[in-house]
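From first to last, the protein sequence lines are chains A and B. In this text, residue positions in the first sequence follow our numbering: the first is 7, and each later residue adds one. In this text, residue positions in the second sequence follow our numbering: the first is 48, and each later residue adds one.
It is possible that part of the hints are untrue.
[Unchecked claim] Listed next, the in silico DSSO-like pairs over lysine-lysine satisfying Cα-Cα at most 27 Å (straight line):
#1 A:Lys223 / A:Lys262
#2 B:Lys146 / A:Lys196
#3 B:Lys87 / A:Lys196
#4 B:Lys101 / A:Lys196
Just so you know, these hints were derived from the structure itself, not from any lab.
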Amino acid sequence: MNKNCANFKDDEEYPDLSTHNNHMAHALTLPVFAKLRSKVTPSGFTLDQAIQTGVDNPGHPFIMTVGCVAGDEESYEVFADLFDPVIEARHNGYKKTDMHKTDIDPTHLKGGTNMDPKYVLSSRVRTGRSIRGLCLPPHCSRAERRKVEQISCEALAKLDGDLKGKYYPLKGMSEEHQDQLINDHFLFDKPVSPLLLASNMARDWPDARGIWHNDKKNFLVWVNEEDHLRVISMEKGGNINEVFKRWCTGLQLVEKYMKESGYEYMWNPHLGYVLTCPSNLGTGVRAGVHLKIPLMSKCPQFDEVLGKLRLQKRGTGGVDTASEGGTFDISNADRIGFSEVELVQMVIDGVEFLIECEKKLEKGESLESDIKALKQK
Amino acid sequence: MAFNFSLTKLLPIAAVAAAGGAAYYKLGSNAEARLPPTRKLPFPPSADFPDLSKHHNIMKNHLTPGVYAQLRDRVTPNGITLDQCIQTGVDNPGHPFIKIVGLVAGDEESYETFKELFFPVIKERHNGYDPETMVHPIDLDSSKLTGGKLDEKYVLSSRVRTGRAIRGIPHPPMCSRAERREVERVVTDALQGLPKDLEGKYYSLKTMTDKEQDQLIDDHFLFDKPVSPLLTSAGMARDWPDGRGIFHNDKKNFLVWINEEDHSRIISMEKGGNMKSVFDRFCRGINEVEKLIHEKGWEFQKSDNLGYILTCPSNIGNGLRCGVHVKLPKLSQEPRFNEILEKLRLQKRGTGGVDTAAVGGTFDISNLDRLGKSEVQLVQEVVDGVSLMVDMEKKLEKRQSIQHLIPK
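Construct the entire structure; sequences and hints are all you get.
The following block contains the structure:
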């Protein structure tokens with residue numbers, strides 16, 4: 007950490023955010039900067055490190071990025087004067103005093119067992135988890151990152167039955183195996199997005215990065231990509247209920263095994279599960295389907311409908327990609343303030359509604375009354 | 048690399064209350080005590096040692112586990128660590144045929160604080176120059192240059208560049224925004240005081256107009272936000288374009304880059320082959336700027352054994368790259384071209400600069416060495432070497448042998 011910062015005044019150090027449009031830039035006024043600039047988390051993470059990604063990526067008038075990351079669990083506390091307004095703005099008014107509810111009991115979910123495979127090509131649920139006591143990807147040392155890998159692998163090795171699987175480190179992976187993982191849609195690559203690179207999470211690539219998946223290839227864990235762990239359950243077709251059940255089981259078993267070794271997930275009643283990016287706090291859940299809706303997606307009220315359903319669309323390559331052939335990735339828009347069960351429920355209900363719309367459009371029927379009757383969730 | 052730290056073992060030792068614990072940490076249905084805050088755990092250096100097994104760079108050749116263990120916990124007076132200096136080399140494995148350094152200096156003191164790594168790297172990169180025992184010669188008296196007017200039928204342009212760093216301020220990989228702005232202020236202040244023929248204007252990257260930008264591109268003056276991962280993973284592109292800019296004189300032959308890869312890069316150039324004129328102006332300009340910053344109480348980073356200190360160990364000494372764009376279509380096809388260059392202590396680059404390709408037999412030819420030779424010596428070597436190669440080209444045009452011209 008550069009020790010000379012104390013020699014300069016607040017306005018001399020304050021970043022030029024005049025052309026910026028991201029949540030950090032809006033929240034980081036000079037007084038907030040002045041208050042926080044000399045603070046440091048116990049592990050040594052500074053404000054400048056947290057905001058670098060937002061300073062280096064001014065953003066876009068239409069796309070509101072977050073612009074700051076956490077280097078450890080305490081970042082959210084030590085830099086609360088920045089993170090609280092960012093969280094409030096990003097998560098629809100979620101306040102500093104709000105409590106988050108966690109519910110990963112799959113028996114609470116209704117329906118979603120057989121969504122029409124003519125429209126629902128695949129179903130997927132993902133979240134992230136951080137290991138308490140270890141620094142996050144923007145800030146961790148090589149030793150800490152390797153420790154995350156070690157703890158994760160030890161826990162995953164204990165999984166049995168349908169969840170039994172194997173770990174494949176990125177380092178030293180054969181070309182053949184790489185191709186296989188790409189075909190399975192499992193492989194993650196060294197980040198190229200300037201949003202991620204500027205936050206320092208690609209350091210020492212591919213050291214201690216890897217992919218674990220079960221033999222059945224429907225439960226998958228990414229180690230040390232953007233978060234300590236990304237836990238993913240997926241399968242072809244529309245049985246998102248089964249996907250969710252497997253996901254809940256896997257997540258809880260992994261935590262149980264970690265606890266046996268003296269570790270646990272980062273979690274608190276206000277922020278829920280603590281992750282690197284403030285946009286993923288709470289549940290960190292993105293539950294979604296690849297949905298073939300060529301007609302509905304061209305409907306002028308498509309975006310309005312999605313908004314009411316609290317869903318978002320992405321291309322089939324994931325975030326910031328384009329859709330192909332009228333097939334969209336449709337997932338929950340929220341992360342915090344709703345439980346996991348509630349979010350997956352919204353996806354199920356929303357997708358069923360979109361399928362009904364598509365069917366009506368196929369028959370040449372109007373959607374006017376359905377859309378009018380649709381209430382904001 | 049087997050080690051086993053368990054937080055449950057560390058809890059009794061590291062019982063530190065969370066600084067300013069927020070109320071919500073004490074809420075919740077479970078009444079378990081809050082675990083101690085995340086802190087940098089005492090991993091041994093061996094646990095942190097980077098995997099350099101697939102790497103080809105000079106840093107890798109000298110960063111043994113023993114050296115790393117010695118240096119990992121040292122910190123320069125500015126708070127810079129070894130890990131920060133080597134990050135670029137860890138993140139860019141390099142190529143067996145292209146020898147990159149893989150290391151940057153976060154500040155002036157990095158060279159001495161981490162000398163167990165920096166000195167052997169310097170020795171390998173600079174032909175055995177030993178910073179422990181040797182003294183680097185500085186000579187900016189351009190009157191000592193002999194000849195220097197090269198044949199303009201072949202030599203299209205001539206250029207001399209170097210870098211200078213301001214003492215007391217960390218280098219671009221590690222400087223803060225305020226420090227970078229301070230460098231900008233100190234240097235642009237000094238540039239205001241230059242004599243008549245060097246007088247000019249400063250264009251901040253942040254505020255330059257589109258029109259000014261286009262003009263600077265046409266003049267081949269503009270530098271862009273680095274895209275090379277060698278530079279970006281060293282951290283020097285942070286906060287772009289804050290604190291960055293370009294100064295050039297009205298005559299457009301003396302130019303200063305501020306806060307690109309170094310605090311400042313000073314460039315003298317002109318079309319044609321009059322290297323003498325280019326070098327005269329270069330020395331005059333640099334000496335003037337140094338005088339002007341002294342008046343305000345600042346100095347350039349410099350030491351007896353390392354010469355002028357810059358971000359990349361490849362540039363220390365004089366940081367001088369003296370070069371020409373020269374048309375050598377026949378000579379460059381000769382099988383012995385590379386050998387000739389080596390003997391003359393010259394290197395070739397494409398006309399776009401480092402890591403670009405030559406176009407139409409026109410090459411950028413410049414000095415290979417930096418440390419251990421003075422500015423006058425290096426410019427003389429370029430002038431003499433290019434003269435010789437032009438003679439060879441002329442001979443080849445007449446289908447004559449160049450055998451007797453090749454240096455031993």
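Hints, verified against the model:
1. A:Lys223 / A:Lys262: Holds, at about 22 Å.
2. B:Lys146 / A:Lys196: OK: Lys146 (chain B) and Lys196 (chain A) at ~24 Å, within 27 Å.
3. B:Lys87 / A:Lys196: 25 Å, holds
4. B:Lys101 / A:Lys196: Judged against 27 Å, a Cα distance of about 17 Å means the pair holds.
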